[in-house]
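Undergrad: Residue numbers (the working numbering), protein chains in the order written: chain D, 10 to 244; chain B, 336 to 577; chain Y, 4 to 305.
FYI, nobody ran anything at the bench for these hints, they're computed from the structure. Glycine is no exception: its CB is placed at the ideal position from the N, C-alpha and C atoms. Mixed in with the good hints there might be a few duds.
Stated by the list, open to error - Ranges between beta-carbon positions, derived for each pair:
1) 227(D) - 164(Y): 33 to 41 Å
2) 87(D) - 203(Y): 17 to 25 Å
3) 157(D) - 40(Y): 53 to 61 Å
4) 220(D) - 411(B): 39 to 47 Å
5) 87(D) - 68(Y): 17 to 25 Å
6) 474(B) - 74(D): 18 to 26 Å
Said to hold, decoys possible - Cβ-to-Cβ under 10 Å is the rule here; a few derived chain D residues that face chain Y:
7) 15
8) 26
9) 34
10) 109
11) 145
12) 155
13) 209
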Amino acid sequence: MHHVVLERWSRGASFLHSRDARVKILVLLAYLVALATTPLTPAAGACYAALLGVAIVAARLPLAGLALRAAAVLPFAGTFALFSLLAGDGARAASLVAKSYLSAAAALALAGTTSMPKLVRALESLGVPRFLTLVIQFLYRYLFVISEQAQHMRLAALARGGGRLRFTHAAGAAATLFGRSYSRAEGIHGAMLARGFHGRMELLADARLGAADVLFLVAGVAAAVALRLMTGAAA
Amino acid sequence: MNARPLIEIRGLRYRYDDGTVALDGVDFQLFPGESVVLLGPNGSGKTTFAHHLNGLLRGEGFVSVCGLEVEQKNLAEIRRKVGLVFQDSDEQLFMPSVLEDVAFGPLNAGRTPEEATAIALAALDQTGMRYAAGRAPYHLSAGEKKRVAVAGVLAMKPEILVLDEPTTFLDPPAQRDLVKLLGGLGQSKILITHDAGLARALASRAVFFERGKIAAEGPVAEIVERFGWEAAPPAVTAAAQN
Amino acid sequence: MHIPDGFLSTPVWLALDATGLPAIALLARRARRELEEARTPLLGVMGAFVFAAQMINFPVAAGTSAHLVGGALLAIALGPAAATVVMTAILTVQAFVFQDGGILALGANVFNMAIAGVLAAWLPYRLWGRGAHRRAAIFAAGALSVMVSALLAVSELVASRVPVSRAALAFLLVVFGISAVVEGAITVAVVRAIERLSPRVIRQGGTEPSWVLALCGAGAVLLAGAGGLVASTNPDGLQWLGGQLDILGRITNVFTAPLADYRARWLGSPWAAKAAAGSAGALLVGLICVALGRAAARPRSA
Chain D
10 MHHVVLERWS RGASFLHSRD ARVKILVLLA YLVALATTPL TPAAGACYAA
60 LLGVAIVAAR LPLAGLALRA AAVLPFAGTF ALFSLLAGDG ARAASLVAKS
110 YLSAAAALAL AGTTSMPKLV RALESLGVPR FLTLVIQFLY RYLFVISEQA
160 QHMRLAALAR GGGRLRFTHA AGAAATLFGR SYSRAEGIHG AMLARGFHGR
210 MELLADARLG AADVLFLVAG VAAAVALRLM TGAAA
Chain B
336 MNARPLIEIR GLRYRYDDGT VALDGVDFQL FPGESVVLLG PNGSGKTTFA
386 HHLNGLLRGE GFVSVCGLEV EQKNLAEIRR KVGLVFQDSD EQLFMPSVLE
436 DVAFGPLNAG RTPEEATAIA LAALDQTGMR YAAGRAPYHL SAGEKKRVAV
486 AGVLAMKPEI LVLDEPTTFL DPPAQRDLVK LLGGLGQSKI LITHDAGLAR
536 ALASRAVFFE RGKIAAEGPV AEIVERFGWE AAPPAVTAAA QN
Chain Y
4 MHIPDGFLST PVWLALDATG LPAIALLARR ARRELEEART PLLGVMGAFV
54 FAAQMINFPV AAGTSAHLVG GALLAIALGP AAATVVMTAI LTVQAFVFQD
104 GGILALGANV FNMAIAGVLA AWLPYRLWGR GAHRRAAIFA AGALSVMVSA
154 LLAVSELVAS RVPVSRAALA FLLVVFGISA VVEGAITVAV VRAIERLSPR
204 VIRQGGTEPS WVLALCGAGA VLLAGAGGLV ASTNPDGLQW LGGQLDILGR
254 ITNVFTAPLA DYRARWLGSP WAAKAAAGSA GALLVGLICV ALGRAAARPR
304 SA
């Protein structure tokens, strides 16, 4: 599954893997903003792709694998590219596909070099409210567990039904999964109380920014700005 | 035993929201250094009973832990003294990484992040799980998760360990490792299990629950024999093989 | 309908980030006061449930199947504030981990699905969820949450000058309509199944006091107008639609006419004007949400 692969990638080792998550998010945002505000010519597109490609290779991520996963965005982009082509706007069609693809690939580069817990903590440092980051943290923690449960239920039902689920059976499966998830949440709450939870989540400290992190931040943003300036006026 | 009991329970009654009686007048004592196993059919009240020991559930009757009555003002301290290891490790390990999870208890007890990290690492060392400190709980095996759960509880430096069916989902090697680990811990223990072998290995006294009451108490071997609480005793095994 | 990066024009995504994300921040802080951090595991687990439930295939017609989208179910089970937080969490994970929806576009997707979509689901349930029309209310909740989010997404694309011809628009509307009906049906089936299994979990629906009805009517008009505002920068597609749907056409004209004049006078650059128009629209809707949320939240607590 997709998120399992990303987990594996994020446990790798490289310059990018070791950088602070906050810095990586900011550099990603700079890249995305530069890309989004550029009127994309083929030359410009190639430059953005090249910069990203260098980062991916430096991060020791599988270039082909990443390129393939980024293609998940293509059905949606392709549909609207088609509308654009039919409306005679070929440049817009190319821009939609190129920009959405490169943006997805860039996001993958972040997810592939940053573990989710670190990513969520970084989001909180960057201003996302704690209540929301706690929900994200718990969502991700139980995403695999409950997905696996759903998978087992699906397989068990198929094994008995010999084909596809009937509508009411599917609703029953969803309801069962809901009920189990709900009691799991109650169990978690009990486990939290049992170890002294008193209303506020206490968390471990954040690591401090190192020189390499600051360097990467400056270089990354500068690269994005340079690329943006080279490729012309505002959209 | 002339020492004061660590746990003293008299006349404990508990009823679910829908009216079913889960515990119907239970008297119980746990003395320092003892390991007691709770046996009995599913639904007989063992887990419900265990959840009264740290105040997760509150019923009628007298419940006192380490000299403190289980009421609102004592809960924080009681929960530090009673370490409950839940049956479902996925419910117990709710933090994104192993280290954060084991540090949860100390952080809530008021330790600084640095102190909590040190305590957590020590507890992970004690359970042989230091190598997994940065990992996500999802990727651990059932046996590894159980040991992390025990570490999380040990990090609170409890006086009493309560383990709810700890060997469910564990394969035999993992079960053996857990028995070795638990056997080496100095805390007084309450163990809930269906596994007669585990009971014999870790407990000195058995208490048999039946429909919310304690039906009998005594040495482990005696209770197991009396209630036939063994899945494949020699006679059954012989019969099955013929 | 998750909008990827690279589709929305800068005024649009910037305006929606600038209004949608702070709105979520406000809401999350409010949720924390009402719900306490102790509820975050439940909300997280419910978010994970929605992800997982999307693997369950519901047979729809001759060989095709659909899956639960979940916004309406969340709104009905958890209430609007919690549902919005959960949806935002889901969208964030989808953007960062699954590249489903862009990161710069998060404000837009959050606005469409976590704010407007949840509100569109909760209102019918809150108004008619108790009593004779409960099933219809739940169906409406599912259908409207999908329809409203999809329509908002399209209007944002149109406002970004993404070419959407009349034919394309018609095609999209048909697709949205079908998805809406399917989601309505799935939501009804799942809610009823949950009630049989775990009766006390689903919140009670409400019955409408008349002032809420009046406020909803005003809200609906303003919502349509806000949509018109946002799309007013590229009126072709929507005016055709407006021509078909008379009401929308009349409202669009009411709003665009005075604003067209004001735009030129107040704000020199067209870029800033588009952004302001977009933000104003989003803000209007935001204010309605807050007002309705406050008003209707008083009778019961989380």
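Undergrad: Was the hint right that residue 26(D) lines chain Y, CB cutoff 10 Å?
TA: Status violated, d = 16 Å.
Undergrad: Answer holds if the nearest beta-carbon of chain Y is closer than 10 Å to that of residue 15(D); otherwise answer violated.
TA: Cβ of residue 15(D) sits 6 Å from chain Y, so the hint holds.
Undergrad: Have a go at the residue 109(D) hint: is there a Cβ in chain Y nearer than 10 Å to its own Cβ?
TA: Status holds, d = 4 Å.
Undergrad: So the hint says 17 to 25 Å: do the beta-carbon atoms of residue 87(D) and residue 68(Y) match that?
TA: With a Cβ separation near 22 Å, residue 87(D) and residue 68(Y) satisfy 17 to 25 Å, so the hint holds.
Undergrad: Mind checking the hinted window 18 to 26 Å against the Cβ distance between residue 474(B) and residue 74(D)?
TA: holds, 20 Å
Undergrad: Holds or violated: the 33 to 41 Å window for the beta-carbon distance between residue 227(D) and residue 164(Y)?
TA: At 35 Å between Cβs, range holds.
Undergrad: Using the beta carbons of residue 157(D) and residue 40(Y), state whether their distance is inside 53 to 61 Å or not.
TA: violated, 27 Å
Undergrad: Would the hint on residue 155(D) stand, with a C-beta cut-off of 10 Å toward chain Y?
TA: With a minimum Cβ separation of about 4 Å from chain Y (threshold 10 Å), the hint on residue 155(D) holds.
Undergrad: Go ahead and decide if the range 17 to 25 Å is satisfied by the Cβ distance of residue 87(D) to residue 203(Y).
TA: 46 Å Cβ-Cβ, so the 17 to 25 Å window is violated.
Undergrad: Does the beta carbon distance between residue 220(D) and residue 411(B) stay inside 39 to 47 Å, or does it fall outside?
TA: holds, 42 Å
Undergrad: Hint check: is the beta carbon of residue 34(D) less than 10 Å from a beta carbon of chain Y?
TA: holds, 9 Å
Undergrad: Given a cut of 10 Å on the nearest C-beta pair, is the interface hint for residue 145(D) held or broken against chain Y?
TA: holds, 5 Å
Checked against the numbered hints above, the structure breaks hints 2, 3, 8 and satisfies the rest.
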